[in-house]
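Participant: Here are the chains, one letter per residue:
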Amino acid sequence: MTTLFERVFVSVFGQTGRDFIDGLQRSSSSLSDFVYVKVFGLPFIVLGARQTGKTTLIEWMRHNLHELDSFAPEPTAPGGDSVPAFSARIGGEGMRLKPTRDVGGEYDMWETDWVELFRVAKPRGIIFLVDHTDVLAHKDALNFVMNMIDEEIEAKRNLKAFLVLVNKSDLWGGKLSADDLLHSYGNEVKRLKNQAARVGYQTWIVGGSVRDGVTDSGETLTASLRTFFNAIRPKPR
Amino acid sequence: MPTLTLDYVLEGRQRGYQFTSDTRGVAPDQLKLIWRNAIPRGSAWSDPAYRGARSLKCFTVDDAGAGSIAVCDVIGTDQVDEVGRTGIRRAVIQVMRYAEYQAFLRERLAAIPVAVIRDAERALYARNWDLLLKKHSNAVHSPLKPQTVFTDDYSPERWRFVEACLLLLVTRATVLTNLIEVTPKVNPFADRALSFTTLALDAREESRLVAIPAAKAAGLRGIPVVNLG
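One line per chain: the protein sequences are F and Z, in this order.
Residues in the first sequence are numbered consecutively from 1, following this note's numbering.
Residues in the second sequence are numbered consecutively from 238, following this note's numbering.
Worth flagging that the hints you see were computed from the coordinates, not collected in a lab.
One thing to keep in mind: the hints can contain errors.
Below, computed lysine-lysine pairings styled on BS3-like, alpha-carbon distance capped at 30 angstroms [as the list claims (entries may be wrong)]: (1) F:Lys98 - Z:Lys382; (2) F:Lys38 - Z:Lys269; (3) Z:Lys269 - F:Lys175; (4) Z:Lys269 - F:Lys139.
Partial chain F-side listing against chain Z, Cβ under 7 angstroms, derived [claimed, not checked]: (5) Glu6; (6) Ala77; (7) Gly79; (8) Tyr107; (9) Asp212.
Beta carbons: idealized from backbone N, C-alpha and C, even for Gly.
Let's have the full structure, built from the sequences with the hints guiding it.
Facilitator: Okay, structure coming up:
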């Protein structure tokens, strides 16, 4: 949408004025991209029911996506833990990432810690984790997040991407595929796609293992994360 | 006033951290505040050194009228969840009126051996300048309500001394405690009850006064610490 100033400027200077304004907008977008990706950090949040690997995913990213041999996660306590912005190398590019907090996945934390985190972080992306256990709990959690997105008008304003990661493929990969696992999530997946079209964010579903850093199709999980982070940056790539 | 228990439940449909006691009688907003703040921050509670470790964490839940303070007695348990995770903590929370809280602090201090309290007084007296200067150089916390972080080498015995230091400061028992914050009798902006945590593993988002083991202090950036050792 053009502003009054732009219209006046273009009417006075013609095509040269239009080129100047386009150039200015491109520079401003590049600057904003630089500030987010290199200085302040791309705001995103990690959610999912308990024991799906949220803490491990954040720790893996903090360790520059290297394997976590000796990391032993603890159940995240009510209130969660603050996670300062950190730098990680995502698909060849150094990015500053800002998950804000690591929150637990217990039912009692949804209404408190998740909603609070969503409001505070105003994330540009959400990574939602599920695994092969307790389908009902994961479906409840996913529905809760989609309700939260619908209800929190201010917080969802920046949302650009929603990645569902079916984690722990090292445990289910031999017997099942991500599609098999997601068979029970038909309504939720449909609802997610509808919401994505309505709110204006991109969504993907990927199976993989944070522990091993691979997807169930054999690619690196880093590639999926690169797609996700490139979608949430101010100048998408 | 009610006593709440925040526990890690390992059986039933809804597992994990939850209030296992009746929460009726506590306003929803206060309950949320207690939920978010009762358990001290930080990870590595699964370290054998902190198994059985106790922490006392107190913070205001209602500043109006007679005031309400949550007094949280937290212990590191040896529970193991279904996927083998440890570092689980349990909190018993009493919500007290301000007058009751003052009496509770005095009783808690009186239960510590006199020799330990004497050591704590000496340690605090020797760190007057540290207390005064370091709180204002804390780059992370608000300059209006600065946080003071204490460290020492952790052992259950040594932490009685650290607890004595914090209790001395929050009961405003000596002149030097006013270096933390001048009493509300003089300073209208002072907190009526200074929030404190006797053992946390991270100072971020913690109380105005917080003690953390020296081993965990290395990870704090921009947060000056007062070493009690």
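Participant: Now look at each hint and say whether the structure bears it out.
Facilitator: Okay, the hints, checked on the actual structure:
1. F:Lys98 - Z:Lys382: Roughly 26 angstroms between the alpha carbons, so the hint for Lys98 (chain F) and Lys382 (chain Z) holds.
2. F:Lys38 - Z:Lys269: violated (35 angstroms)
3. Z:Lys269 - F:Lys175: Violated, at roughly 42 angstroms.
4. Z:Lys269 - F:Lys139: holds (24 angstroms)
5. Glu6: violated (41 angstroms)
6. Ala77: holds (4 angstroms)
7. Gly79: Because about 4 angstroms separates Gly79 (chain F) from the closest Cβ in chain Z, which is inside the 7 angstroms limit, the hint holds.
8. Tyr107: holds (5 angstroms)
9. Asp212: violated (17 angstroms)
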